[in-house]
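Asks: Sequence:
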Amino acid sequence: MTELERKVLKVVSSIPIGQVRSYKWVAKKVGRPKAFRAVANALKKNPYPLFIPCHRVIKSSKAIGGYSLGTRLKEKLINLEKKIRDMIE
Numbered sequence: 004m005t006e007l008e009r010k011v012l013k014v015v016s017s018i019p020i021g022q023v024r025s026y027k028w029v030a031k032k033v034g035r036p037k038a039f040r041a042v043a044n045a046l047k048k049n050p051y052p053l054f055i056p057c058h059r060v061i062k063s064s065k066a067i068g069g070y071s072l073g074t075r076l077k078e079k080l081i082n083l084e085k086k087i088r089d090m091i092e
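The letter at position 80 of the sequence shown is residue 83 when you use my numbering, and the numbering goes up by one with no holes.
Don't take each hint at face value.
The list that follows gives simulated cross-link-like pairs (lysine to aspartate or glutamate, DMTMM-like), each with its CA atoms no further than 25 Å apart [what the hints assert, rightly or not]:
(1) K47 - E6
(2) K65 - D89
(3) K62 - D89
(4) K31 - E6
(5) K27 - E8
(6) K10 - E84
(7) K79 - E6
(8) K47 - D89
(9) K62 - E78
(10) K79 - D89
(11) K13 - E78
(12) K48 - E92
(13) K47 - E78
(14) K48 - E8
(15) K32 - E78
(16) K32 - E8
(17) K48 - D89
(18) K65 - E8
(19) K37 - E92
(20) K32 - E84
(21) K62 - E8
(22) K31 - E78
(23) K47 - E8
(24) K65 - E84
(25) K48 - E78
(26) K65 - E92
(27) K79 - E92
(28) K48 - E84
(29) K32 - E6
(30) K13 - E84
(31) K31 - E8
(32) K65 - E78
(33) K62 - E84
(34) K37 - E8
(35) K27 - E6
Source of the hints: derived by calculation from the structure; they are not laboratory data.
Take the sequences, apply the hints, and build the full model.
Replies: See the structure below:
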């Protein structure tokens with residue numbers, strides 16, 4: 004795993020449950036503001052997609068974006084986490 008990939012996974016791990024951030028936001032957080040494609044590629048290599056919540060990263064346009072386990076599951080996980088967040092807040 005490259006240093007950039009490790010940084011991306013660390014930043015993504017800090018996104019709170021029930022919230023989403025854009026690939027561009029992650030790129031800025033890792034100090035590479037124009038590297039949103041590199042961020043997407045790093046997330047595609049995420050070895051633990053259910054534990055390192057790469058499903059919380061979406062496109063700046065609010066479109067769902069890709070997910071290694073399928074976009075349908077990504078959308079379901081985002082919606083489930085929003086329900087959990089609302090229930091515990």
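Asks: Could you tell me which of the numbered hints above are not met by this structure, giving the numbers in increasing order?
Replies: Checked against the structure, the hints that fail are numbers 7, 8, 12, 17, 19, while the rest are satisfied.
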